[in-house]
Every structure is written in C-alpha cells, then in structure tokens.
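Line by line, the protein sequences give chains A and B. What the first sequence shows, in the UniProt record's numbering, is residues 1 to 439, in sequence order. What the second sequence shows, in the UniProt record's numbering, is residues 1 to 439, in sequence order.
It is possible that some hints are incorrect.
[As the list claims (entries may be wrong)] Just so you have them, the derived chain A footprint on chain B, three or more residues with Cβ under 8 Å: (1) 121-129; (2) 213-222; (3) 302-316; (4) 327-337.
[Unchecked claim] Pulled from the structure, derived: some chain A residues nowhere near chain B, Cβ distances all over 12 Å: (5) G178; (6) P284; (7) A301; (8) L322.
Calculated from the structure, these hints are not laboratory results. All values reported here derive from a predicted model rather than from experimental measurement. Every residue gets a Cβ at the ideal spot worked out from N, C-alpha and C, and that includes glycine.
Given next are the chains, with one letter for each unit.
2 protein chains.
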Amino acid sequence: MSAGSTRAVRVGVLGAGVVGSQVVRLLIEQADELTARVGATLELAAVAVRRPERHADIPAALLTTDAAAVVADPEIDVVVEVIGGIEPTKDLLLTALNRGAGVVTANKALLAEHGPQLYQAADAAGADLYYEAAVAGAIPLIRPLRESLAGDRIQRIMGIVNGTTNFILSAMVESGMGYQEALAEATRLGYAEADPTADVDGFDAAAKAAILASIGFHTRVGASDVYREGIAAVSAADIAAAREIGCTVKLLAICERVPGPDGSPGGDAVSARVHPVMMPTSHPLATVDGAYNAVYVEAEAAGRLMFYGPGAGGAPTASAVLGDLVAVARNRVAGGRGPRESSYAALPILPMGDVLAKYHISLDVDDKAGVLAAVATAFADAGVSISTVRQEGRGDDARLVVVTHSAPDAALASTVRRLADLDSVRAVTSVMRVTGDMR
Amino acid sequence: MSAGSTRAVRVGVLGAGVVGSQVVRLLIEQADELTARVGATLELAAVAVRRPERHADIPAALLTTDAAAVVADPEIDVVVEVIGGIEPTKDLLLTALNRGAGVVTANKALLAEHGPQLYQAADAAGADLYYEAAVAGAIPLIRPLRESLAGDRIQRIMGIVNGTTNFILSAMVESGMGYQEALAEATRLGYAEADPTADVDGFDAAAKAAILASIGFHTRVGASDVYREGIAAVSAADIAAAREIGCTVKLLAICERVPGPDGSPGGDAVSARVHPVMMPTSHPLATVDGAYNAVYVEAEAAGRLMFYGPGAGGAPTASAVLGDLVAVARNRVAGGRGPRESSYAALPILPMGDVLAKYHISLDVDDKAGVLAAVATAFADAGVSISTVRQEGRGDDARLVVVTHSAPDAALASTVRRLADLDSVRAVTSVMRVTGDMR
Numbered sequence: 001m002s003a004g005s006t007r008a009v010r011v012g013v014l015g016a017g018v019v020g021s022q023v024v025r026l027l028i029e030q031a032d033e034l035t036a037r038v039g040a041t042l043e044l045a046a047v048a049v050r051r052p053e054r055h056a057d058i059p060a061a062l063l064t065t066d067a068a069a070v071v072a073d074p075e076i077d078v079v080v081e082v083i084g085g086i087e088p089t090k091d092l093l094l095t096a097l098n099r100g101a102g103v104v105t106a107n108k109a110l111l112a113e114h115g116p117q118l119y120q121a122a123d124a125a126g127a128d129l130y131y132e133a134a135v136a137g138a139i140p141l142i143r144p145l146r147e148s149l150a151g152d153r154i155q156r157i158m159g160i161v162n163g164t165t166n167f168i169l170s171a172m173v174e175s176g177m178g179y180q181e182a183l184a185e186a187t188r189l190g191y192a193e194a195d196p197t198a199d200v201d202g203f204d205a206a207a208k209a210a211i212l213a214s215i216g217f218h219t220r221v222g223a224s225d226v227y228r229e230g231i232a233a234v235s236a237a238d239i240a241a242a243r244e245i246g247c248t249v250k251l252l253a254i255c256e257r258v259p260g261p262d263g264s265p266g267g268d269a270v271s272a273r274v275h276p277v278m279m280p281t282s283h284p285l286a287t288v289d290g291a292y293n294a295v296y297v298e299a300e301a302a303g304r305l306m307f308y309g310p311g312a313g314g315a316p317t318a319s320a321v322l323g324d325l326v327a328v329a330r331n332r333v334a335g336g337r338g339p340r341e342s343s344y345a346a347l348p349i350l351p352m353g354d355v356l357a358k359y360h361i362s363l364d365v366d367d368k369a370g371v372l373a374a375v376a377t378a379f380a381d382a383g384v385s386i387s388t389v390r391q392e393g394r395g396d397d398a399r400l401v402v403v404t405h406s407a408p409d410a411a412l413a414s415t416v417r418r419l420a421d422l423d424s425v426r427a428v429t430s431v432m433r434v435t436g437d438m439r
Numbered sequence: 001m002s003a004g005s006t007r008a009v010r011v012g013v014l015g016a017g018v019v020g021s022q023v024v025r026l027l028i029e030q031a032d033e034l035t036a037r038v039g040a041t042l043e044l045a046a047v048a049v050r051r052p053e054r055h056a057d058i059p060a061a062l063l064t065t066d067a068a069a070v071v072a073d074p075e076i077d078v079v080v081e082v083i084g085g086i087e088p089t090k091d092l093l094l095t096a097l098n099r100g101a102g103v104v105t106a107n108k109a110l111l112a113e114h115g116p117q118l119y120q121a122a123d124a125a126g127a128d129l130y131y132e133a134a135v136a137g138a139i140p141l142i143r144p145l146r147e148s149l150a151g152d153r154i155q156r157i158m159g160i161v162n163g164t165t166n167f168i169l170s171a172m173v174e175s176g177m178g179y180q181e182a183l184a185e186a187t188r189l190g191y192a193e194a195d196p197t198a199d200v201d202g203f204d205a206a207a208k209a210a211i212l213a214s215i216g217f218h219t220r221v222g223a224s225d226v227y228r229e230g231i232a233a234v235s236a237a238d239i240a241a242a243r244e245i246g247c248t249v250k251l252l253a254i255c256e257r258v259p260g261p262d263g264s265p266g267g268d269a270v271s272a273r274v275h276p277v278m279m280p281t282s283h284p285l286a287t288v289d290g291a292y293n294a295v296y297v298e299a300e301a302a303g304r305l306m307f308y309g310p311g312a313g314g315a316p317t318a319s320a321v322l323g324d325l326v327a328v329a330r331n332r333v334a335g336g337r338g339p340r341e342s343s344y345a346a347l348p349i350l351p352m353g354d355v356l357a358k359y360h361i362s363l364d365v366d367d368k369a370g371v372l373a374a375v376a377t378a379f380a381d382a383g384v385s386i387s388t389v390r391q392e393g394r395g396d397d398a399r400l401v402v403v404t405h406s407a408p409d410a411a412l413a414s415t416v417r418r419l420a421d422l423d424s425v426r427a428v429t430s431v432m433r434v435t436g437d438m439r
C-alpha cells in the first residue's frame, strides 16, 4: 500500500449506513484511480460502526466499534463522518480537528448549529474541514460558492434543497392529491422517513440555508437564525390557486443579501428563510421535480446560475464525500490547506417581519356590494399595495383572490389576520408568498 | 496598500477589452472585499494594453503597452491573461509560469492547443494555472469537474458551450427562419462576430470540448482530436423534421468515456466531438435557449448533474476570472498550490467512425412500390438496424423518414451515401445525429 516515497494518506470512516457503505465501496473499488488523483495512496484504515456483524461486505479487519479511538488515532490523517447527529459526533470531530486531522462531513445539522466551533478548531490546528455533501447531495455547490464565486458579490441563493418535500409537492401538483395522501405515498416509496418531521417541517432545509447563507455572504448564519415554515399546511387548494396564476408551489430555501437603508454595503443585512412559495412555472427552479435538488444563484457579475442534480441517496452523496476526501488528501500531500471559513462580513440577520414579500391570498367572501371596498381598505390601512385582485364565483362560492405588491412580511401577516376578522370574509382559504417575476 | 505583516499579492492584467475592462473595474471596486477573502491585499499593479489612450477609465499609472515587461516583472505575482490568441500569448504565459508566477487565463484556444506545454511549465515551477473562464463563461465548471467530482468516475459530458450558435439555433426553432437569416439577426444584435467562423463552424466549441474531456477523463485531448461539424448546414427542414419526432436541434460538445471491447477500464477510449444533434425536448439541455450555456454531466456515483448560466459577456467572464484570481492568491498566501494537470489515464482517442450514433434521415423518394424495400436493404447491407420508418406524402411529395438504432458512425455515413445513389431516392433532405433517450 505504499506510493513510492510519498507516505499514504490514511482514512478513517465513521458510519457505514446508506452513505457510508457507498463511500467504503468506492474507496475500495476505485483505489487505483483515487491514488493517481491524490498523488499518494489513499488507504482505508478503519470503519467505525455500531454493529460490525451487519457489515459482511466490509473487510472485517477494518471494522471497529470504537469511533473515539479512530478520531484519536495519530495514524489516521483524514476522518470521514457520515453518522450524523449532534452528539457525540461534535466531540468526535473536534478531537480529530484538534490533533490536526482533516475532516470531511455530510452533517448539515451539526454545521448549521456548531459550524463556528468546528471551524475555529480547524483553523487553530491548520486542518481542513470540508462538507460538500452537507447541502444538495452530489451537486457541486459549496466549492463553486466559496471558490468559483469568491471574486463576485452573491446577491441571492434560492434552492430546492430537500428532496422529500419536493417529491410531496410534485406529487400534489401532478395528481391533485392532498398533503396527507402525498406524504403517505412518499413514505411508501421510501422518499419520506417514518418520522418525517425534519423534512416536512423544514428543519433540514433550514440547516442547509444556514450553511449556504454563511458561505455565500461571508458571514455567520446559524440554524436558529433561519425563519422556517414547512409544507404541512400546503393544501390542494393552494396548489390549484397557484396554477390559476401561472405558478407552481415549491419549498424554497432563500438566502438574500438585503441592502441597508443608506445603500452602502456596510449597512447590508442577510435574510435566510425556508417556506413554501408560489413561483412562476417559467422559472428554472419550477421544473425541478421529484427528489431532485437545484440551487439558483444570482451574483452581481456572474448573473444567474443554476446547479441541478440528485440531492440525496447513498451513491450521489458518497460522490460528494469522495470529492472532498481527494481534495483534503491532495492538500496534505502538497503541504497546504483549502479555504478557511470566511466570515469577515459579519452581517446582521434581517428579522422575517422586515423581509419584503409578496403574498397571494384567497378569501371566501359574502356575495354583496362593498366587500371589495372593505378588503381593499384593510390592505390600505396596513400600507400594503395590491397588485391584482380577482373576483370569482357567485353566492356561496364568491371568492376574492388578491396578489400584493412587495411589503414587509409583518405588514402582510397582520393584514391577513385583519382580513379574517372582517364580517364579509367567511374564510381565508389560501395564503402563500409569491416569488420571482410574475408575468 | 499593505495588509499588515502579509505581503500584498500583485496582479498584472494582459488586455482590457470586453472582459479585461470588467476585471479591472471589479478589482478596483471590490478591493476591500477581495482583500478580506484572500487574506492579503490584492494589488492591481499593471494593465497591458495596445492603445492606452482608449482606456481613460483605467488609472494612467497602471497602463503599459509592454506586456512582455509585465510577465517578466519579478514583482508581479499573478498574471491575468484576457487578450486571447495563440501568439504571442503563449510565450507571454510561459515566461510568467517559468519564473513561478501564477496564471489565470480565459484562453480556450491556447489551452486546447498547447495546454500540456503550459501545464508542464506550471508544474516545473510549482505555479498555479487556472482557467475557469475558458469554458462556459461564468458557470463554475472546471473546478466542479476537477475537484468536486475528483472522487467519482465521469462517464459523459454534454454541453451547450457556444452562445452564438445556440442563439442562432434557438431563433431558427422559434421563428422557422433559415440559417442565413438567423445568422444575420445574430450579427445585427451583437451575438455573432463580423467573421463568425470560429463559432458557427464549431472551432470554439471544439476547443472547449478538448478542455472538458481532458479534465473529466484525466487524459490529454487536444483541439485537433475533436471531431467537428458546425451549424452552417442546418436547415429549416432539419428543424421541422426534429419537431416531428419531439426533438429540437442543438449544437453539442460531447465528451464520452467509451468502454473497450473487454469492458475493463484499462481498455477505455475517449470520444470528443462537436456536431448538431436532434435531442428530445424533454432533455434538460433542450430548454437552454438564446445565449445561455449549460453543461450536463453524467457520473457513475453522482448521477446526472447540470450546470447552467451565462456563457459569455464581459462581467460574467470577469466573475470567473476573479474567482480564479482569488484562489491563486490564497494559494500563494498559504504557500500551497491548486490541483495540477491530471492526465494519468492517457486514454486513446476513439475515431469518429467508431463512435456509436443514431441517425435521423429524411429522403425524398419516388412514390412507387419497392422503394421502402430498396432503402431497407441499403441499411441492412451496412449492418445498420432501423428503429422507426415513416412514409409521408404522395406523388412528388413522397418522403421517407428513418431513425436508426445505434451503429458505428462510419457505417451510418456510408449508408447515407449509398441511399443518395439509389434510383428511387430523389434527394437526401436531412441527415442529423439523434441523442438522448427517445420517448
């Protein structure tokens, strides 16, 4: 296992589940190619698992149940972490980083909650911390954002970064089925976990939004800084209402650099949020269906870019992990290291209430004169300008459909509450933010 | 211009045309941000131009007409080349690399023809050679291919990498106009140059194909290794014929790793080619219209990825150049360097005649019994299997439309020649390769 005069780079893998087993398989199968690309032998030295008897496909000599020993082993140069979770994973990775080992992780939750602490440990020891697989599976995204666009000013990142919710929403759009039915279908087909909370309530997407905003805007955004609404409240009526205005419904992670009141970059703030939106079917993200992911980036000089591919799955995620592993190993062979955390901008977080948004609102109303005037007054009182209003149906089916101009989210939310209290409004049947340029 | 204890990274720019002027503008405007990202002052030290009097927007003290002095100046750490052309550009960059300066270039023709020589000079001196802007403008592509996917096996790269030809073909599809008319429109709007040869004859796309194939397959592919057909022969009849089978027409750069007869990776060959294709409108590349670029990548573990964005233009290309510049400057500050050329695979080039292709062929034929039999026999004699055949029209308008199964390109081409010689075939009106899975 020697590559001439260059010492082998020894790798310890933590976890051999869906992703880890693919990482191990590819490390073994492609050993010769990886060695040629690194410039030194990439040697798989240990695989830490909970139950070794379940991993007959992995050479027994590599298996261990002692993850703590793997991260502490001075002979291990790079630790690949694919077990997930916060504890004890965080302490395991800090142990590895503190002694100067490189770390490759796919753990978005850990990075979104404790990224700064991990980065600090990496910096202090001069170690690499790579995590391409943490966002959007196999899609190269972290590297393009933090390296390719390092000479540009990113203005906005909008992504479909959760395959489970995209599958559910796609199914609702295609079949007209309701949320519960689509969720059951996703569970049956293996696209949703038994407990789908992390996906459908937007926690997974929020962690990714925190990572994307941090990298894209050179600042620190944690999971708790991300405004979050899931898809459980999205109804078949919402989907139908979106279709009527040439839109589809997607759960987006949106990260924006918002100019301050005086327009100077020093006054900028950052908004990171996850919520369902109605978006025009002409938008490149609108056609991203099923379990695929895509991220749309707007930068000052580069213009509009999109990255598309499989957002999850063992082999695709393993591809991202191995790309990072080759980079970290190359850096060790060359005696250098990759880009560090870049958080110099230190931008404040814009509260959700201050974010400018457009709303689509459907109301069941009494079919009588004066209803439109009452509704319009409620908007005007809140300082919210109406873009379009459509009256539909008669009698018991009378409806008003309103799309607003941009206004602070807090003003829009309070308007919706006031509408619900109007005597002539029988029910607010659909409320959703609208994104993209409407035709 | 000092960044504390760290010495500034001094940059010399060669050329201040469409791209260069944007590079210079952004370097000056974003100096503080770039410095924060590099970890040292990024100092614009010189801009070499032919006619300084035309560049009133650039500080006069930076302008020089002596490019040779800039590349030889030991005080210049990184040379940014955006003048294009082969000579004297090659010698200028070799001078810079030989003395250990980093080089960032957008020069696809130079890289496709003399890449190995430049890489060798970079390696010998331990210098960085970056060229993200050479392919697909602002779209991060080189870095994802050579770094993010370094742990995967890329199987195929298919790209719309020339905005001029994509604009012309999009115009033909949308309006039904002919090639000459669409070319005139593109020229009028500034999407085609006065001499459009490099674009419409596929030279530009071929240079990019050579670069993509070299990086993607860890081998050396030069511009002359790329099979090349332009779009000048694409007719309104071809576009109409494509539409009839649910396709659109695109000029694609296609790079494939083709398994050898024994199936072992050691027997693989590489095919790089540029030619128009009929592709299903359901394919993600089919909807990439106008001057946009997109590249579709299939990798063994990652699956199908797509990268989309502006393929040309001053600011987008400058964004890619500056991303590279930040990377090279960071590497200098950290004392390391980026990935070198990786050409260990040394794959042979598969001749175009051996590439497996499907053809779409339209024939004007005599409206009499036996024509189909004669045509089918011509295919059978060449060992080419027919997928679908459609008879259309009567009398003088009688036509046969044939789509073949996969066969060696040489067999298909010779079949077309033999069809043209058949007594019952009055004219071969459309011949084009078909790509993607047909519905």
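| task | Examine each Cβ of chain B, and state whether all of them lie more than 12 Å from the Cβ of G178 (chain A). | result | Fine: 28 Å to the nearest Cβ keeps G178 (chain A) off the interface.
| Is it correct that the beta-carbon of P284 (chain A) has no partner in chain B closer than or equal to 12 Å? | It is violated; P284 (chain A) is separated from chain B by about 7 Å at its closest Cβ, not greater than 12 Å.
| said: If we take the beta carbon of A301 (chain A), is the closest beta carbon in chain B still more than 12 Å away? | reply: violated, 4 Å
| query | If you look at each residue in the region 327-337 of chain B, do at least three have a Cβ nearer than 8 Å to any Cβ of chain A? | reply | holds (count 7)
| field | Annotated coverage of the region 121-129 of chain B by chain A, confirmed only when three residues or more have a Cβ within 8 Å | value | Answer violated; 0 residues pass the 8 Å Cβ test.
| Within 8 Å of chain A's CB atoms, at least three CB atoms from the region 302-316 of chain B: coverage verdict | holds (count 12)
| query | For the region 213-222 of chain B, do at least 3 residues have a Cβ located nearer than 8 Å to some Cβ of chain A? | reply | violated (count 1)
| Per the stated criterion, does the least C-beta distance between L322 (chain A) and chain B lie above 12 Å, as a non-interface residue requires? | violated, 2 Å
When held up to the earlier numbered hints, the structure conflicts with 1, 2, 6, 7 and 8 and fits the remainder.
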